[in-house]
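Engineer: Using my numbering, you'd call the opening residue of the sequence shown number 1 and step up by one each time.
Careful, some of the hints might be misleading.
[Unchecked claim] Each computed DSBU-like pair below joins lysine-lysine, with the alpha-carbon atoms no more than 35 Å apart:
#  : residue 1 : residue 2
1  : K222      : K136
2  : K161      : K40
3  : K136      : K161
4  : K136      : K99
5  : K99       : K219
6  : K228      : K43
7  : K222      : K99
8  : K234      : K222
9  : K234      : K136
10 : K222      : K117
11 : K228      : K51
12 : K136      : K51
13 : K40       : K129
14 : K40       : K51
15 : K99       : K40
16 : K43       : K129
17 : K234      : K161
18 : K234      : K219
19 : K51       : K219
20 : K161      : K193
21 : K193      : K43
22 : K219      : K117
23 : K193      : K99
24 : K117      : K161
25 : K51       : K193
26 : K43       : K222
27 : K228      : K161
28 : K117      : K40
By construction, these hints were calculated from the structure, which means they are not laboratory data. The model shown is predicted, which means the values in this text are computed figures rather than measured ones.
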Amino acid sequence: MKKLLTLLAFAALSCGVMTSCDNDDNVAPYQLRVLTFEDKDYKGAGNFLGKSDWSSLIDSPQNNGPLLYGESSDMYSWYDEGNTELLFGGFPAAAWGTKYFNGGWAISNYIEQDIAKGNNDTQLAIPLKSGHNNSKNFAVHFGYRSMPEQELPQMVFSDGKARIIDHVYIAATTNFINVALNGNAFSRPANEKDNVIITVKGFDANAAACGTQDFYLMKDGKIIEGWKMWDLSKLGEVMAIEFDMTSTIGNEYGMSVPAYFAFDDMAVRFYPEEKK
Numbered sequence: 001m002k003k004l005l006t007l008l009a010f011a012a013l014s015c016g017v018m019t020s021c022d023n024d025d026n027v028a029p030y031q032l033r034v035l036t037f038e039d040k041d042y043k044g045a046g047n048f049l050g051k052s053d054w055s056s057l058i059d060s061p062q063n064n065g066p067l068l069y070g071e072s073s074d075m076y077s078w079y080d081e082g083n084t085e086l087l088f089g090g091f092p093a094a095a096w097g098t099k100y101f102n103g104g105w106a107i108s109n110y111i112e113q114d115i116a117k118g119n120n121d122t123q124l125a126i127p128l129k130s131g132h133n134n135s136k137n138f139a140v141h142f143g144y145r146s147m148p149e150q151e152l153p154q155m156v157f158s159d160g161k162a163r164i165i166d167h168v169y170i171a172a173t174t175n176f177i178n179v180a181l182n183g184n185a186f187s188r189p190a191n192e193k194d195n196v197i198i199t200v201k202g203f204d205a206n207a208a209a210c211g212t213q214d215f216y217l218m219k220d221g222k223i224i225e226g227w228k229m230w231d232l233s234k235l236g237e238v239m240a241i242e243f244d245m246t247s248t249i250g251n252e253y254g255m256s257v258p259a260y261f262a263f264d265d266m267a268v269r270f271y272p273e274e275k276k
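Please model the complete structure; the sequences and the hints are all you need to start from.
Structural biologist: Below is the structure:
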């Protein structure tokens, strides 16, 4: 069963709130439904592969596997049906196909604690012992908006109801850490002045952008350690969200460090209907 917690108020650390979709504080009791990516918590009718679990969505190998890059990549999607109702509908289409390298969220359970092995072949791995809260599975984000017209994938509430996303847990990936610290042929190593920022943008029922929040994956050359909670509640009620990444480390093509981060245990507020 999903972790289902009844709270009167939830206090959390926020990393740089900028704007909000909904400034009206709702003080009614609410429940948190949590997207854990754990098979025991799967409630949906079945994923695009016809299986009722999360683990079947984990590609192998991590790079150029059949789910994220092969014939199945144009169908790759996931839906937390019957729980948070969050839906990732698929990778953005491009002239070179509908693939993970266009941006999106892949389910993973890969662990690689040797930072020196962080590269494209371990792109879905984290250098930790597990997902958040000793879990097995998590998701890995890839993508950033290098140009204003570039499309970013969105995560939406598929049942058409706007909700407050309370928080999510973030971790750095092995690939990101290795390149950020040591550099490679395309990217210099980070220095003490460098930052890497994740920005979440909320959208309302009219698909209009209505708020943003920032989270430092790296601040002043220091990368976050372990799983860190990101309070998203100040966005207010949203119908959809998207993630972007920016960095002071770049080249002529834009951000040069790998545009990856892992996330887990995304919690959504559900209010009793009579209290809405």
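Engineer: Hint by hint, say whether it matches the structure.
Structural biologist: Each hint, compared with the structure:
1. Restraint check for K222 and K136: satisfied, since their Cα atoms lie roughly 26 Å apart, inside the 35 Å limit.
2. Simply put, K161 and K40 have alpha-carbon atoms about 25 Å apart, close enough for the 35 Å limit, and the pair holds.
3. Restraint check for K136 and K161: satisfied, since their Cα atoms lie roughly 29 Å apart, inside the 35 Å limit.
4. At most 35 Å may separate the alpha-carbon atoms for a hinted pair to count; K136 and K99 meet this at roughly 25 Å.
5. Distance hint between K99 and K219 is fulfilled; the C-alpha atoms sit about 30 Å from each other, no more than 35 Å.
6. For the hint linking K228 to K43, the alpha-carbon distance of about 26 Å falls within 35 Å, and the restraint holds.
7. At most 35 Å may separate the alpha-carbon atoms for a hinted pair to count; K222 and K99 meet this at roughly 31 Å.
8. With a C-alpha separation of about 25 Å, the suggested pairing of K234 with K222 holds against the 35 Å cut-off.
9. For the given pair, K234 sits about 29 Å from K136 by alpha-carbon distance, which is consistent with the 35 Å threshold.
10. Distance check on the hinted pair: K222 and K117 sit about 20 Å apart at the alpha-carbon level, within 35 Å; holds.
11. For the hint linking K228 to K51, the alpha-carbon distance of about 31 Å falls within 35 Å, and the restraint holds.
12. A distance of roughly 18 Å separates the Cα atoms of K136 and K51; the hinted pair therefore holds under the 35 Å criterion.
13. This hinted pair checks out: K40 and K129 have alpha carbons roughly 20 Å apart, not beyond 35 Å.
14. This hinted pair checks out: K40 and K51 have alpha carbons roughly 13 Å apart, not beyond 35 Å.
15. Distance check on the hinted pair: K99 and K40 sit about 28 Å apart at the alpha-carbon level, within 35 Å; holds.
16. Annotation: proposed proximity of K43 to K129 holds, straight-line Cα distance about 26 Å (limit 35 Å).
17. For the hint pairing K234 with K161, the CA-to-CA distance comes to about 18 Å; that is within 35 Å, so the pair holds.
18. Taking the CA atoms of K234 and K219, the gap is about 22 Å. The hint holds against a cut of 35 Å.
19. Restraint check for K51 and K219: the C-alpha separation of about 40 Å exceeds 35 Å, so the hint is violated.
20. Proposed proximity of K161 and K193 is contradicted: the alpha carbons are some 41 Å apart, above 35 Å.
21. Only pairs whose Cα atoms come within 35 Å are accepted, and K193 paired with K43 is rejected, the gap being roughly 45 Å.
22. Between the alpha carbons of K219 and K117 the distance comes to roughly 23 Å, so the proposed pair stays at or under 35 Å and holds.
23. Restraint check for K193 and K99: the C-alpha separation of about 34 Å stays at or below 35 Å, so the hint holds.
24. Taken as a hint, the K117 and K161 pair is broken in the structure, with Cα atoms around 42 Å apart against an allowance of 35 Å.
25. A threshold of 35 Å between alpha carbons decides the hint, and for K51 with K193 the separation of about 46 Å lies outside it, so the pair is violated.
26. For the suggested pair K43 and K222, the alpha carbons sit about 38 Å apart, so the restraint of at most 35 Å is broken.
27. Straight-line distance between C-alpha atoms of K228 and K161 comes to about 28 Å, which keeps the hinted pair within the 35 Å bound.
28. Straight-line distance between C-alpha atoms of K117 and K40 comes to about 31 Å, which keeps the hinted pair within the 35 Å bound.
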